[in-house]
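Respectively, the protein sequence lines represent chains A and B. Once you know that position 303 of the first sequence is 303 in our numbering, the rest is easy, because the numbers rise by one and skip nothing. In our numbering, each residue's number is its place in the second sequence (first place is 1) plus 1000.
Among the hints, erroneous ones may be present.
Unchecked claim - Computed list of lysine-lysine pairs in BS3-like fashion (alpha-carbon distance at most 30 Å, straight line): (1) K111(A) <-> K94(A); (2) K174(A) <-> K1080(B); (3) K1002(B) <-> K111(A).
These are computed hints drawn from the structure, not numbers from a lab.
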Amino acid sequence: MTETAEPDFEVIVIGAGIAGCVTAYQLARQGRSVLLIERGEAPGSKNLSGGVLYSRGIEQVFPGFLDEAPVERRITRNYINFLNAESSVAIDYKDRRLADPVNAVTVLRAKLDAWLADKCEEAGAIIMPGVRVDRVLTQDGAAGKRVIGVRAGDDELHSHVVVAADGVNSFIAKEVGLRTNEPLNHLAVGVKAVVRLPRETIEARFNLTGDEGAAIAAVGDCTQGVGGGGFLYTNIDSLSVGIVVRLDDLTAKKKVVTDIFDHFLEHRFIAPYLEGGELLEYGCHLVAEGGLHMIGEVVMDGMVVVGDAAGLTLNTGLTVRGMDLAVGSAVAAAEAIGSALEQKDTSRAGLARYRERLFASYVGQDMKTYAKAPAFLEVERMYKQYGELFADVLFGAFNLDTQPRQHLVRVARKTLARSPLKMRQLIRDGIAGARAL
Amino acid sequence: MKPQSVPERLTKNRFLLDEEQCHIEVNQEIAKATGSGQAIVACCPAHVYTEEPDGTISVEYAACLECGTCLAVAAPGALKWRYPRGGFGIQFREG
Chain A
1 MTETAEPDFE VIVIGAGIAG CVTAYQLARQ GRSVLLIERG EAPGSKNLSG
51 GVLYSRGIEQ VFPGFLDEAP VERRITRNYI NFLNAESSVA IDYKDRRLAD
101 PVNAVTVLRA KLDAWLADKC EEAGAIIMPG VRVDRVLTQD GAAGKRVIGV
151 RAGDDELHSH VVVAADGVNS FIAKEVGLRT NEPLNHLAVG VKAVVRLPRE
201 TIEARFNLTG DEGAAIAAVG DCTQGVGGGG FLYTNIDSLS VGIVVRLDDL
251 TAKKKVVTDI FDHFLEHRFI APYLEGGELL EYGCHLVAEG GLHMIGEVVM
301 DGMVVVGDAA GLTLNTGLTV RGMDLAVGSA VAAAEAIGSA LEQKDTSRAG
351 LARYRERLFA SYVGQDMKTY AKAPAFLEVE RMYKQYGELF ADVLFGAFNL
401 DTQPRQHLVR VARKTLARSP LKMRQLIRDG IAGARAL
Chain B
1001 MKPQSVPERL TKNRFLLDEE QCHIEVNQEI AKATGSGQAI VACCPAHVYT
1051 EEPDGTISVE YAACLECGTC LAVAAPGALK WRYPRGGFGI QFREG
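Looking at chain A on its own, in the form it has when it is part of the complex:
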């Protein structure tokens, strides 16, 4: 209950990414005094994502988002790919329904987040770029530590509530003990290039018209067998291309991450997409992959944690999500902070509504639904044997070598017998996959 009588701001948000901006925007719209602190020289300049934003949630926050915000292409083609050294087996899912209403868009965060911060400013939030928060200010109370503000260099700023939206490394949440260091199987590193290509070339290469976009996801040889995958997304006049690899597997196999990145870009089935392209930017990002297990405490006296900082990312095998979860957590947090300020109780109990809202929303529900996905995606066979098995079965069917043909089931059984995979592994993985995904 102990609140500083007259703080500098009612709410201080650390980090102008999606979670931070949406929280700040919603609270500023409620008429709250909000300070949004960003360590980059301008909002967006430290931010990077693979590039697909599932956009229905953010549209609820910003009606007209798709027409006003700097989004790239509307994804109508999802190409899911087992990418082996010499072969590739894919599901090529195209659907006009994904465009009406639009379900997902590609984004470039330096552009998108700058727009989001402008929206916050329009709504009345104060933006302070080029400032790194060194730590939060705390006060010892009856119920333990309470966050009362932030320290940046020699400056101290006080608020009723601090929002830690400082990204996946969240030094802030770690500092106050809300998060601990994650085991390496819960973390991955993403490496990405943005490659410029003429608009027409992209549309021709990916079979797109207008502002339609494609998202390619690949597993297998493309990551040299390391757990993870490759991606290739179309922007308006550039491609976002890269890899995401799990840190436990990367270090155990003693692979060099940039070798895997080079291997993917030079892969015989990926390189043709990039032909003639010009590198615009090279970046990387740490990715939380622990799913539900990574969400710890998200509320304490005077502080909440949102977005990546709270471990809110989800890899379901087909969809890889983070930005939409950042939006969902921000909406839940802003609502809870708003009512806590109204009740004049920004203690842990007063802010507890955030966690309730979070788990009642699609964010918490989906994290629970896919709670078993991270463990399933650690199955080694996913990254080598399965892709090869599928290609070998198809090769048996298509390779008409003048020998008498056999029924497909027989070909499949023989291929399996030759493969290092066992029937019981196939059944076990099938059942585990059905339960996890």
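Since chain A is already given, all that's left is putting chain B on it; use the hints.
Just chain B now, kept in the frame of chain A:
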């Protein structure tokens, strides 16, 4: 697209170098004893870390893309890594 080395790639990026403060510090003894030295060399997408012939790890902090992967991989005490001071370091124009 032509294959490019990591330093070539990094020339495309915009960096604002903090000439006064380095945000990375390797504890050479712990890095060596725990194998963290080699692990951070291998996991860094920007090739910030190099293993020198004498086994020590040198740091080119100006190239850092600030992902934090090295810190996640390093054994406790082997690495001090924080974000650069406000306004410095990588400034993405695409993201």
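Now for the hints, and whether the structure bears them out:
{"no.": "1", "hint": "K111(A) <-> K94(A)", "in the structure": "27 Å, holds"}
{"no.": "2", "hint": "K174(A) <-> K1080(B)", "in the structure": "15 Å, holds"}
{"no.": "3", "hint": "K1002(B) <-> K111(A)", "in the structure": "27 Å, holds"}
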